[in-house]
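Asker: These are the residues of each chain, in order.
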Amino acid sequence: MKTLTQFLRSPICLCILLAALALPQTACQTRGLDPTGVYQGDAFVYQAENTIAQTYVALNNFLTFVYQNQATLPKAILKGANELQATARPSLQTAANTIQVYKTAPTAEGKDKVQASLEAARSILTSINTYLQESQAAKTP
Amino acid sequence: MNPVLVINALTAGISLVEQFYPQFLELQKQGLVSPEDQAKVAGLVDSIRSGAAFNGPQWKPFPTE
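Note that the protein sequences, when read in sequence, are chains S and L. My numbering applies: residue 1 is where the first sequence begins, and numbers increase by one. My numbering applies: residue 1001 is where the second sequence begins, and numbers increase by one.
No lab work stands behind these hints, which were simulated from the structure alone. The reader is advised that the hints may include incorrect statements.
Said to hold, decoys possible - In silico SDA-like pairs for lysine to any residue, Cα to Cα no more than 25 Å straight-line:
1) K111/S to K1060/L
2) K79/S to P1061/L
3) K103/S to T51/S
4) K113/S to S127/S
5) K1060/L to S127/S
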């Protein structure tokens, strides 16, 4: 009996009890997302929109860098930035609109369309990385 | 098996849970994406959708000639 008492007072037992109490709550919410937020625990929509937002931030930072250094950067980088401006804006807006359609009518087909539209975001990030490497190489003597 | 000892042990266990469970919930909540951060993402995506996010000078074509 003393052993049982010691076990019940032990940190391991406390952890087990806490985990058991937390399990129903955890099961009711999407992992990693506060369910009281605007996404209401919908991790798929959040992750899709967060991908769009993060891509925009990376692109905006890259274009700001180009804008601030346009006098010294090679013309190829400026042309690349212009291409990104022209293609990224419609791609990001299309992806955002596709997510909006999915939010109003979530279907398996709509989910596939969202995932396909996010490929454009990944492509933009790859292009930014390429241009950044080129601009770094251009600056290195 | 002494029932008094069992009840005492269970009471002690429940007391510990009552003491630490709110802290555990708070720690669990800290690991989640907060409503504020979710709102920031949603707001930025709304401005991308409307086109308002593309108004800065960095979004105008750069001269290449």
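Asker: State for each hint whether it applies.
Answerer: Hints, one by one, checked against the model:
1. With a C-alpha separation of about 33 Å, the suggested pair K111/S and K1060/L falls outside the 25 Å cut-off, and the hint is violated.
2. With a C-alpha separation of about 9 Å, the suggested pair K79/S and P1061/L falls inside the 25 Å cut-off, and the hint holds.
3. The straight-line distance between the Cα atoms of K103/S and T51/S is roughly 16 Å, inside the 25 Å bound, and the hint therefore holds.
4. Between K113/S and S127/S, the direct Cα distance comes to roughly 22 Å. Compliance with the 25 Å bound is thereby established for this hinted pair.
5. Proximity of K1060/L to S127/S is assessed by CA-CA distance (about 18 Å); at most 25 Å being required, the pair is judged to hold.
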